[in-house]
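Can you make the complete structure from the sequences, with help from the hints?
Those protein sequences? They're chains A and B, same order as listed.
The first sequence stops at residue 263 when you use this note's numbering, and every number in between is there.
The second sequence stops at residue 243 when you use this note's numbering, and every number in between is there.
To be clear, the hints were calculated from the coordinates, so they are not data collected in a lab.
Fair warning: there could be bad hints in the mix.
[To be verified] Simulated coverage check for chain A against chain B, where a stretch passes if three residues somewhere in it have a Cβ under 8 Å from a Cβ of chain B:
{"id": "1", "segment": "12–24"}
{"id": "2", "segment": "39–48"}
{"id": "3", "segment": "121–129"}
{"id": "4", "segment": "252–258"}
Since the model is a prediction, treat every value here as computed from it, not as a measurement.
Glycine residues also receive a C-beta, built at the ideal position from the N, C-alpha and C atoms.
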Amino acid sequence: MNFSKIYALGLRHLYLIMNSFPRVLDLIYWPTVQIFLWGFISKFFTLNSEYYSNTVGVILTAAILYDFLFRASISFNMMFLEEIWSRNFTNLFIAPLKIREIIAALTLTAILRTLIGLIPAVLIAIPLFGVSVLKLGVPLVFLLLALYLFGITLGLLVTSGLLRYGPSFENIAWASLFFLAPLGCIYYPIEILPNLLQTIAKGLPLVHIFEEMRSILLNDTVNYLNILKSISISLVYFIIGVIIFYISYFGAKKRGTLINMGE
Amino acid sequence: MFIEIKNLSKIYGKFLAVNKINFQIEKHKTIGLLGPNGCGKTTTIGMMLGLVSPTEGEILIENKNMNSFKRDEILKRFNFASPYVELPKKLTVKQNLEIYGRLYGIENLENRINEISSDLDIKSFFRRKTGELSSGQKNRVSLAKSLINKPEILLLDEPTASLDPDIGDFIRSYIQEYKMKNKITILLASHNMNEVERLCNSIIMMRSGKIIDSGTCNELIQKHGRNNLEETFLKLARSKDEF
Numbered sequence: 001m002n003f004s005k006i007y008a009l010g011l012r013h014l015y016l017i018m019n020s021f022p023r024v025l026d027l028i029y030w031p032t033v034q035i036f037l038w039g040f041i042s043k044f045f046t047l048n049s050e051y052y053s054n055t056v057g058v059i060l061t062a063a064i065l066y067d068f069l070f071r072a073s074i075s076f077n078m079m080f081l082e083e084i085w086s087r088n089f090t091n092l093f094i095a096p097l098k099i100r101e102i103i104a105a106l107t108l109t110a111i112l113r114t115l116i117g118l119i120p121a122v123l124i125a126i127p128l129f130g131v132s133v134l135k136l137g138v139p140l141v142f143l144l145l146a147l148y149l150f151g152i153t154l155g156l157l158v159t160s161g162l163l164r165y166g167p168s169f170e171n172i173a174w175a176s177l178f179f180l181a182p183l184g185c186i187y188y189p190i191e192i193l194p195n196l197l198q199t200i201a202k203g204l205p206l207v208h209i210f211e212e213m214r215s216i217l218l219n220d221t222v223n224y225l226n227i228l229k230s231i232s233i234s235l236v237y238f239i240i241g242v243i244i245f246y247i248s249y250f251g252a253k254k255r256g257t258l259i260n261m262g263e
Numbered sequence: 001m002f003i004e005i006k007n008l009s010k011i012y013g014k015f016l017a018v019n020k021i022n023f024q025i026e027k028h029k030t031i032g033l034l035g036p037n038g039c040g041k042t043t044t045i046g047m048m049l050g051l052v053s054p055t056e057g058e059i060l061i062e063n064k065n066m067n068s069f070k071r072d073e074i075l076k077r078f079n080f081a082s083p084y085v086e087l088p089k090k091l092t093v094k095q096n097l098e099i100y101g102r103l104y105g106i107e108n109l110e111n112r113i114n115e116i117s118s119d120l121d122i123k124s125f126f127r128r129k130t131g132e133l134s135s136g137q138k139n140r141v142s143l144a145k146s147l148i149n150k151p152e153i154l155l156l157d158e159p160t161a162s163l164d165p166d167i168g169d170f171i172r173s174y175i176q177e178y179k180m181k182n183k184i185t186i187l188l189a190s191h192n193m194n195e196v197e198r199l200c201n202s203i204i205m206m207r208s209g210k211i212i213d214s215g216t217c218n219e220l221i222q223k224h225g226r227n228n229l230e231e232t233f234l235k236l237a238r239s240k241d242e243f
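In structure tokens form, the structure reads like this:
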């Protein structure tokens, strides 16, 4: 791994953000809208639901964590799509970069885009709704790690699809997260799901992450084994995502799609 | 031999894009790759750049199969420019050159950017976003990017397509001057016959994925009894079954 090349790719995306105020605004806008929306919903449920009584902020914290996952994945996809839209794809893939350096650069730079979008929203939630994700304490770091790994994995799967099917796969990029959200048990316990879906859901890290989040906020107990489980599952998916990306890259070379990408 | 293409083929599904082509490129020579649209030029360039995997055959660089090199090691010896491939539009010219300079691991990058920018006369729009430039300006920036690493092997795909005669001549003169001053091997795909006559030591004619003839410009013109390269190209492109 050559870190100066990874830095150069990161710099390319940093310049893109710095050169465009509307782009920064766009990054901040959606998470902030989410916080307002879920903040009011959360407030309503807190006042009217037995399950959520005296547990201000569970839904809003879930919304923030889910948005973190969403932003991480979308950031990864967006940076890849930017290369296609700007017709820079060929230049990038003929540069002396290893494929793992491209993956590393996208993975590391996605965190920057994610945080630019999310930090203002998280800060707004504190005075406006009296909710701070920091209440999760040290486990928050590990929950975010698990979410980030899984978000990047979804990004890897979507970009693999872009390599395989070309820019027409773009719409899937936007839909990918909504597909998994019902199984993620973000706002409700896993018991709500039918038995078959519960089995599938347990294979996703999201269930364990959000169960743990609720456990910390509702019962004030931390189960590090559960957190470790969620990180391990995310890591397995991440490795699978990387393998699929490589397969798609070699497949794209075979089909010749790398040379006309974006045209 | 510096570059040797041996029995190279590419099949997309049932379509035979490149059909067992063989050619060699000597070090520091400029070879023109000519042929009608869809004849396999871009696929051949794609295979040389590692963007397309050959179905059959091999590409040898200094007698060593290209696949035996590490991807980043071989690619830092190459570069490529084409008006159909652009640089990020929202980045300034300087930012783009900086990014690519870093990706190619250029030492004294600031000096190299200054040097190449002065040579190609792009300093006046250094701070402008690349997407705001005219076609001529974009082509010069794209050429600057393709030379940032002082490549040993430069692949050019129609470098002067859609440019006005003045800018086209500027680019051709620059490439001519650059190859005289620097030790560089160039493969030039072009539909501009004057450009090919001016820049290339020899040419390869392709049609339907095959090489149908090769030689110096004069050799081909004389061999086919035509007055210039354009007429020779038309004869070769239109005569379906002769070859």
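Hints versus structure:
Note: the segment 12–24 of chain A has 5 residues with beta-carbon separation from chain B under 8 Å; the three-residue rule is met and the coverage holds. Given a C-beta distance limit of less than 8 Å, the hint that chain B covers the segment 39–48 of chain A is violated, as 0 residues qualify and 3 are needed. Judged by the Cβ-Cβ criterion of 8 Å, the segment 121–129 of chain A is not covered by chain B as claimed, because only 0 of its residues qualify and three are needed. Requiring three or more residues with a Cβ within less than 8 Å of a Cβ of chain B, the coverage given for the segment 252–258 of chain A holds, as 5 such residues are present.
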